[in-house]
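Please construct the entire structure, taking both the sequences and the accompanying hints into account.
From first to last, the protein sequence lines are chains A and B. If you count the first sequence from 1, position 2 lands on 2 in our numbering, and the numbers rise without skipping. If you count the second sequence from 1, position 7 lands on 7 in our numbering, and the numbers rise without skipping.
Among the hints, erroneous ones may be present.
What the hints assert, rightly or not - Below, in silico cross-link-like pairs of lysine-lysine (DSS-like), each with a Cα-Cα straight-line distance of 30 Å or less:
#1 Lys-30(A) x Lys-20(B)
#2 Lys-44(B) x Lys-34(B)
#3 Lys-34(B) x Lys-30(A)
#4 Lys-34(B) x Lys-132(A)
#5 Lys-20(B) x Lys-132(A)
#6 Lys-30(A) x Lys-91(B)
#7 Lys-34(B) x Lys-20(B)
#8 Lys-132(A) x Lys-91(B)
#9 Lys-44(B) x Lys-20(B)
As the list claims (entries may be wrong) - Distance windows between CB atoms, simulated:
#10 Gly-50(B) x Trp-39(A): 23 to 29 Å
#11 Lys-132(A) x His-22(B): 21 to 27 Å
#12 Ile-12(A) x Lys-34(B): 46 to 52 Å
#13 Pro-82(B) x Ala-61(A): 52 to 58 Å
Hint data in this document are derived by calculation from the structure and do not stem from the laboratory. Idealized CB from N, CA, C, for every residue including glycine.
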Amino acid sequence: MNERRFNWPLWIGFILTPVAFLSYFVFFAKFPITRDVPWVNLILFAIAVALLFAGIRRAYATPSTARKVIATLVVVIGVAITAAFVYAAYPGSRVPQSASAPAIGSHAPDFTLPDTNNQPVSLSQTLASAPKGVLLVFYRGYW
Amino acid sequence: MRVIAISVDTPADSRNLAQKAHYTYPILSDVDTKVIDRYGITHKGAGMGGHDVARPAEFLLDRNGVVRWRNLTEDLRVRARPEDMLAAARKL
Chain A
1 MNERRFNWPL WIGFILTPVA FLSYFVFFAK FPITRDVPWV NLILFAIAVA
51 LLFAGIRRAY ATPSTARKVI ATLVVVIGVA ITAAFVYAAY PGSRVPQSAS
101 APAIGSHAPD FTLPDTNNQP VSLSQTLASA PKGVLLVFYR GYW
Chain B
1 MRVIAISVDT PADSRNLAQK AHYTYPILSD VDTKVIDRYG ITHKGAGMGG
51 HDVARPAEFL LDRNGVVRWR NLTEDLRVRA RPEDMLAAAR KL
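Pasting the structure below:
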């Protein structure tokens, strides 16, 4: 057994984990198709976890305690990053109650806010020219 | 029926979004969440870097500004069903 054989699955898996994590927030979150269900990042995480698993198996097949300890640490960190991604990218379970939002039958608060050309748009003025009513859509926005 | 969209995005970011997605309705910027707070729909710290954002919400208002339908889904993966909103809109 060549003790010096580099445990490439372990280290590629280790590097791929933060890449899978960061690439979501830096890039893939900008596009709805890869944001709402982060399938690209989930695939990257699956590959990373598979590599980490292969890497730790490799390390535990050697007699070296150091390799086993290092591999265990690397896998723990990789799994932690994966878990952090699942928590951060899936806010669906953490929507607030919003108990004080305007109820059906109440008046919606008036407001004036700038549009994409920095022109002020007022709700009351929009209502005045909207015999069929107004649909207000609040969305989370891109971060 | 008119549509107004609101988020914490700046006018520049919203303009990008509007152009890419070919939106034709106004997208308004509530960067400091003043209006979002007034509507009680703030999601504190949920934006990147801990920024406050709006939780997704829709309100259908009649011409007097009275709320006739609203959608405050607990599960972000369940989007508002257009039929429900359109049924409410037809009654206006």
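Structure-based check of all given hints:
1. Lys-30(A) x Lys-20(B): holds, 11 Å
2. Lys-44(B) x Lys-34(B): Roughly 13 Å between the alpha carbons, so the hint for Lys-44(B) and Lys-34(B) holds.
3. Lys-34(B) x Lys-30(A): It holds: about 25 Å lies between the C-alpha atoms, which stays within 30 Å.
4. Lys-34(B) x Lys-132(A): holds, 27 Å
5. Lys-20(B) x Lys-132(A): Roughly 28 Å separates the two Cα atoms, so the pair holds.
6. Lys-30(A) x Lys-91(B): Status violated; Cα separation ~37 Å.
7. Lys-34(B) x Lys-20(B): holds, 27 Å
8. Lys-132(A) x Lys-91(B): Given pair Lys-132(A), Lys-91(B) holds - Cα atoms ~9 Å apart, limit 30 Å.
9. Lys-44(B) x Lys-20(B): holds, 28 Å
10. Gly-50(B) x Trp-39(A): 23 to 29 Å: holds, 26 Å
11. Lys-132(A) x His-22(B): 21 to 27 Å: Distance hint for Lys-132(A), His-22(B) holds at roughly 22 Å.
12. Ile-12(A) x Lys-34(B): 46 to 52 Å: holds, 48 Å
13. Pro-82(B) x Ala-61(A): 52 to 58 Å: holds, 57 Å
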